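*Asks:* Residue numbers (the numbering used here), protein chains in the order written: chain A, 48 to 381; chain B, 48 to 381; chain C, 48 to 381; chain D, 48 to 381.
Warning: the hint list may mix true and false statements.
Copies of the same chain look alike in the list, so a pair counts if it fits in one copy or across any two.
[As the list claims (entries may be wrong)] Derived pair list, reagent style DSSO-like, types lysine-lysine, alpha-carbon separation capped at 30 Å:
{"id": "1", "residue 1": "LYS111", "residue 2": "LYS373"}
{"id": "2", "residue 1": "LYS264", "residue 2": "LYS252"}
{"id": "3", "residue 1": "LYS61", "residue 2": "LYS373"}
{"id": "4", "residue 1": "LYS374", "residue 2": "LYS83"}
{"id": "5", "residue 1": "LYS251", "residue 2": "LYS91"}
{"id": "6", "residue 1": "LYS61", "residue 2": "LYS83"}
{"id": "7", "residue 1": "LYS83", "residue 2": "LYS131"}
{"id": "8", "residue 1": "LYS61", "residue 2": "LYS185"}
{"id": "9", "residue 1": "LYS61", "residue 2": "LYS354"}
{"id": "10", "residue 1": "LYS264", "residue 2": "LYS61"}
{"id": "11", "residue 1": "LYS266", "residue 2": "LYS92"}
{"id": "12", "residue 1": "LYS264", "residue 2": "LYS92"}
{"id": "13", "residue 1": "LYS266", "residue 2": "LYS373"}
{"id": "14", "residue 1": "LYS252", "residue 2": "LYS185"}
{"id": "15", "residue 1": "LYS251", "residue 2": "LYS266"}
{"id": "16", "residue 1": "LYS354", "residue 2": "LYS251"}
{"id": "17", "residue 1": "LYS83", "residue 2": "LYS293"}
{"id": "18", "residue 1": "LYS92", "residue 2": "LYS111"}
{"id": "19", "residue 1": "LYS347", "residue 2": "LYS266"}
{"id": "20", "residue 1": "LYS374", "residue 2": "LYS61"}
No wet-lab data here; the hints were simulated from the structure.
Quantities reported herein were computed from a predicted structural model and do not represent experimental measurements.
Below are the chains, spelled out letter by letter.
Protein chains: 4
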Amino acid sequence: MINIALMGAGRIGKMHAEIITAHPEANLQYVYDVNKEFASQVAKKHNAELVNSPEEAINSDTIKAILIASATPTHTQFITMGAKAGKAVFCEKPIDLDINKVNECMEAINGIDIPLQIGFNRRFDNSHAKVQQARVNKEIGELEMLIISSRDPEPPGLDYLNAAGGFFRDTTIHDFDLSRFILSDDPIVEVSAFGDNLFDPNAKKAQDFDTAMFVLKSKAGVMIHINNSRRAVYGYDQRVEAFGSKGMIISNNQTQSSVERYSDASSSSKEPVLHFFIERYVQAYRDQFNHFVECIINNKKPSVTFKDGRNALIIANAAYESNRQKKVIEINYE
Amino acid sequence: MINIALMGAGRIGKMHAEIITAHPEANLQYVYDVNKEFASQVAKKHNAELVNSPEEAINSDTIKAILIASATPTHTQFITMGAKAGKAVFCEKPIDLDINKVNECMEAINGIDIPLQIGFNRRFDNSHAKVQQARVNKEIGELEMLIISSRDPEPPGLDYLNAAGGFFRDTTIHDFDLSRFILSDDPIVEVSAFGDNLFDPNAKKAQDFDTAMFVLKSKAGVMIHINNSRRAVYGYDQRVEAFGSKGMIISNNQTQSSVERYSDASSSSKEPVLHFFIERYVQAYRDQFNHFVECIINNKKPSVTFKDGRNALIIANAAYESNRQKKVIEINYE
Amino acid sequence: MINIALMGAGRIGKMHAEIITAHPEANLQYVYDVNKEFASQVAKKHNAELVNSPEEAINSDTIKAILIASATPTHTQFITMGAKAGKAVFCEKPIDLDINKVNECMEAINGIDIPLQIGFNRRFDNSHAKVQQARVNKEIGELEMLIISSRDPEPPGLDYLNAAGGFFRDTTIHDFDLSRFILSDDPIVEVSAFGDNLFDPNAKKAQDFDTAMFVLKSKAGVMIHINNSRRAVYGYDQRVEAFGSKGMIISNNQTQSSVERYSDASSSSKEPVLHFFIERYVQAYRDQFNHFVECIINNKKPSVTFKDGRNALIIANAAYESNRQKKVIEINYE
Amino acid sequence: MINIALMGAGRIGKMHAEIITAHPEANLQYVYDVNKEFASQVAKKHNAELVNSPEEAINSDTIKAILIASATPTHTQFITMGAKAGKAVFCEKPIDLDINKVNECMEAINGIDIPLQIGFNRRFDNSHAKVQQARVNKEIGELEMLIISSRDPEPPGLDYLNAAGGFFRDTTIHDFDLSRFILSDDPIVEVSAFGDNLFDPNAKKAQDFDTAMFVLKSKAGVMIHINNSRRAVYGYDQRVEAFGSKGMIISNNQTQSSVERYSDASSSSKEPVLHFFIERYVQAYRDQFNHFVECIINNKKPSVTFKDGRNALIIANAAYESNRQKKVIEINYE
């Protein structure tokens, strides 16, 4: 049984607590949150212990791993503490919004050999993963274009927007990582980004975007288009299309049931697509954690690394630069 | 150029007149209809000659073929006249509603070698034809079940119902023939039929059905289900499903455009299916006539024969018997 | 916490054990199976107690409910024991293959007021349930035709076939119940059945069918078609289509992912449909058990009753009669 | 009857000849082509007259309209001749590859009031037109993103490439115009273009692209993504997606039949999409010509104007500039 300390007991933390509990080989040992009320609720529900400080949990001999689902600014600190204590570390995305903090963390944990996994859950989605496989096994021949449509059902509140670090770093970062995942060993080298505020007054107040488009290029010449919106009335729109010399594979949306309706106004009408990430990526969140546990047990390196988290942030930062300068920006991963 | 005499200038006759005119190797020479007004209109529109009697048209040396789209009770008479005059004959379905008249006609034309084709247009539909091919080339392995859903968009008027010869002989006859077509050399040997009047007051007055289901069996054991309705609010529902030992092939409905809509209420919502047979089977009607012309030119036997028309009627008659006796009826084609 | 005794630890029993364990308000207390090896494995895995006799489990004061997943011939005995002990009872379908035993059981438990639920899981499938709602709330107007296609991925072995009681009583019984569920208060009054052995040598040895079609009628005139096969190479084919005066609703198949492929040979090609009932009805099995627990807690009558189990069997028996006599059989539920 | 002179009898000219002939109110009077062989064949097939010079046809009193389907460099000359002769003019896209020649032509015909229509056929496609309607009638609320995927089935030969004026001006010009059509009165103000040579050796020789992506912005802030390829193994990929505040509408691909296949490897597998523009846009080509005839008869201004042809070219030119400079280019329509 792998005992785990959960850092952060908010919306995402709660979900992870349930996944940990449901796993046959994992046990939720400690829960920490700066908000004691949250921590206490989660600890109670899952028969875990409430701890009063991160140190108490992370440095305990009882635990083998920490799962970081706390506020983004605390991520690098907890990663560092966990790594230095020799614990396996799972950290939600993004590592941090500030590349300097990410770099400092990278140096701080340099040379420490622990399983360290970043929470880019979409890589574990069965359907998206099949797109990546089709690229790797050349089922679609040589990949030439990749198109990701990724739209949230509704905009978050102003508080969230003020803390989230901006549309590209908070939301598109998933699509940057998914692009990197599908491209596999072919790195993204250029980005052009186009952000705008078309409808959301809160995004306007937060000086953030609600609508965005991107074109990226890989070293081998693959062209990537991403489009994002903070609101899609028909649900959480999550589509990936990989086009190649021998065909195309699309990871399409998933609906709430397999019902189709026919009336005098329409035919084959399906229900709206799954509402948001907790519904849409439930399988992916579960398999992401399965992978983490498996890496701990077999002492393997997780497939989603610190470097993956850092590189996605570097692309997001370059995207902001492109949007500001209205030109193509080359990406420097150094 | 093949000169053709059209017998009947009603709704179906008009459609055939247009198809004849559009064909590069056919010419509409004569138009006859008991209703002179109808005949005159069609003749005028297509630069054809109006004739005052069937004999005038059918026995003319100028024409090579007749196309019979007149009222059903006149079919056998015109077929016989045409055959005796040595003309190629295309006759709309059904040959007649009375099997005795069909048998008399069969005897009357016995031994006369002309191209004679019955208007079971659905055999020429590209999609349905692929189902038949998949059965013949064993793409789906051995055929085991065949399911046909065939529903009109709205019920016809009382006059039509009174003349049409009943739901099984007028409407299901297409599905009986389509089943025979897909089964190819494996004959239908049993039928169970279930007709009812569930919604249409005119069908009630005409002592006819508006809803029906059937189960048929072939000699090789294939089970066939057909369902019919006189009203489907979403359009002309025309589906064929062939299930076999190695897979399944479905000829699905066709919509008015390739548009799909997404809203807060539904996703992937298509437009209603094509409204009725003139829209849905336009390609089939055209290719059916192409086949007839090709048979005339190359002196070939059409693929849809008098016997096909007779056998479908025999099944329809047996279906009435089954519905009356509430039991399985064996089919005797003698 | 509701303590539960599980009777039967075979394939289905194991699945139920996992569902019980995962439920936040249920606890697997005892496991009994005539095969001690099976019982021991399941008990061990879920920290439950192994018992040596059904009585020991069922009569224990510790438990509040029994879940019967043992061999069919033991069902009525366990139901009776459970009811007399005042326990809530969940029993897998069918109640028994012999209507006399079912009737005896009905009398034996007559007047005992406990939650008693039969395992017609398909009623709890989200998509099928929406078809029933569309019939009840008249979204599709008046229901006129119901079409159920229900095909297993591959035939079971000879041992299973010899014990299962025949295709209609073991397999179609689900479709008979699903029809009854969708029809709601409109009873099925007639059945015509057509069974055959087209491909499976084991079914032949067991004098059983592998392919079947049915037409049933309700009191209000609704026509129902069911088709079954013991083998569908593309997976577990489970479709329900309800056609009414204002439209149609289809509960369609579900695929293993939401991926679509395009090549020079095909477009929009999806993966095979979910393999079998454990994959396809995982949500339904869970919600069926949720309902049982909810009924225990709130002392409610389950929505799937003993009578539902009995009526489905009566239809299956009438279906055999129809197939034998080759005619329509009226159904007598007395 | 409107007599028409056809300029150009190559692949596109032949298609137009057939459309003219099939139209009940149009007559193909003259055919001109610099290649006499081509002209002679088309004239013969459609009972038209062969002429030896453009003037002979265009200035004839017999004709009311000219249809220009000749090589691009001749377009402006023929437009000018036709306009000065007071004929209605239909001209295939593009008007010319050189904006200076387009501007000179614009001045030369300035003030001449004739029906003048440019051949942007996609505006007349039923499905694409419904996307435009959904934007205009606000069915999808405010338009925020527009995504066009437009891919040819296979690359043209080197000769074609050398004459065609480049990927953006020859191919993407359709998508630029379609974007303008859907945006209606909201002009495109910015373009970013990304072209590359990923697979086609002929395109390389012609210093042309085979793969391209674009992001454009409208004055109102709508973001537009276009992607193009010269080769899609599954057919002529033509999709348009309009995303707005109240929903989304997609004009999806169309397949060669409505057949769906199920096997042990896949389910719901459709046939490849329609092969190329002649198959895919047959309805659009026909309705485009219907519109032209209707404008002549009713003396109306065609909905696709010279200005539309010019503006699409201006966007294409700006796109080349963007690709060269690797930055966003503002579009100047003066």
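*Asks:* Now tell me if each hint is right for this structure.
*Replies:* Hint check:
With identical chains, the CA atoms of LYS111 and LYS373 are never at most 30 Å apart, being 48 Å at best within one copy and 50 Å at best between copies. Only between protomers do LYS264 and LYS252 lie at most 30 Å apart by alpha-carbon distance; the minimum there is 23 Å, versus 32 Å within a single protomer. In this assembly of identical chains, the alpha carbons of LYS61 and LYS373 never lie at most 30 Å apart, being 41 Å within a copy and 45 Å across copies at closest. In the homo-oligomer, the alpha carbons of LYS374 and LYS83 never lie at most 30 Å apart, since the shortest distance is 47 Å inside one protomer and 50 Å across protomers.
In this homomeric assembly, LYS251 and LYS91 never come within 30 Å of each other (Cα to Cα): the closest approach is 40 Å inside a single copy and 58 Å across copies. For the identical chains of this complex, LYS61 and LYS83 are intra-copy neighbours only, at 14 Å inside a copy versus 40 Å across copies, given an alpha-carbon limit of 30 Å. Only within a single protomer do LYS83 and LYS131 lie at most 30 Å apart by alpha-carbon distance; the minimum there is 25 Å, versus 50 Å between protomers. Taking the closest pair of Cα atoms, LYS61 and LYS185 never come within 30 Å of each other, the shortest separation being 39 Å inside a single copy and 40 Å across copies.
Proximity of LYS61 and LYS354 under a CA criterion of 30 Å is satisfied intra-copy only: 26 Å inside one chain copy versus 43 Å between copies. Proximity of LYS264 and LYS61 under a CA criterion of 30 Å is satisfied in neither setting, with 37 Å inside one chain copy and 41 Å between copies. Taking CA atoms no more than 30 Å apart as the test, LYS266 paired with LYS92 passes in neither setting, with 49 Å inside one copy and 51 Å between copies. Taking the shortest alpha-carbon separations for LYS264 and LYS92, neither the intra-copy value of 47 Å nor the inter-copy value of 50 Å comes in at or below 30 Å.
Taking the shortest alpha-carbon separations for LYS266 and LYS373, both the intra-copy value of 21 Å and the inter-copy value of 16 Å come in at or below 30 Å. Taking identical chains as interchangeable, the C-alpha atoms of LYS252 and LYS185 lie at most 30 Å apart only when they sit on different chains, with a minimum of 27 Å there against 46 Å within one chain. For a Cα distance limit of 30 Å, the shortest separation of LYS251 from LYS266 across copies, 19 Å, qualifies, whereas the shortest one inside one copy, 35 Å, does not. With identical chains, the CA atoms of LYS354 and LYS251 are never at most 30 Å apart, being 32 Å at best within one copy and 37 Å at best between copies.
Neither within a single protomer nor between protomers do LYS83 and LYS293 lie at most 30 Å apart by alpha-carbon distance, with minima of 55 Å and 40 Å respectively. With identical chains, the CA atoms of LYS92 and LYS111 are at most 30 Å apart both within one copy (21 Å) and between copies (24 Å). Proximity of LYS347 and LYS266 under a CA criterion of 30 Å is satisfied intra-copy only: 29 Å inside one chain copy versus 53 Å between copies. With identical chains, the CA atoms of LYS374 and LYS61 are never at most 30 Å apart, being 41 Å at best within one copy and 44 Å at best between copies.
Consistency with the previously given hints fails for numbers 1, 3, 4, 5, 8, 10, 11, 12, 16, 17 and 20, ordered from lowest to highest.
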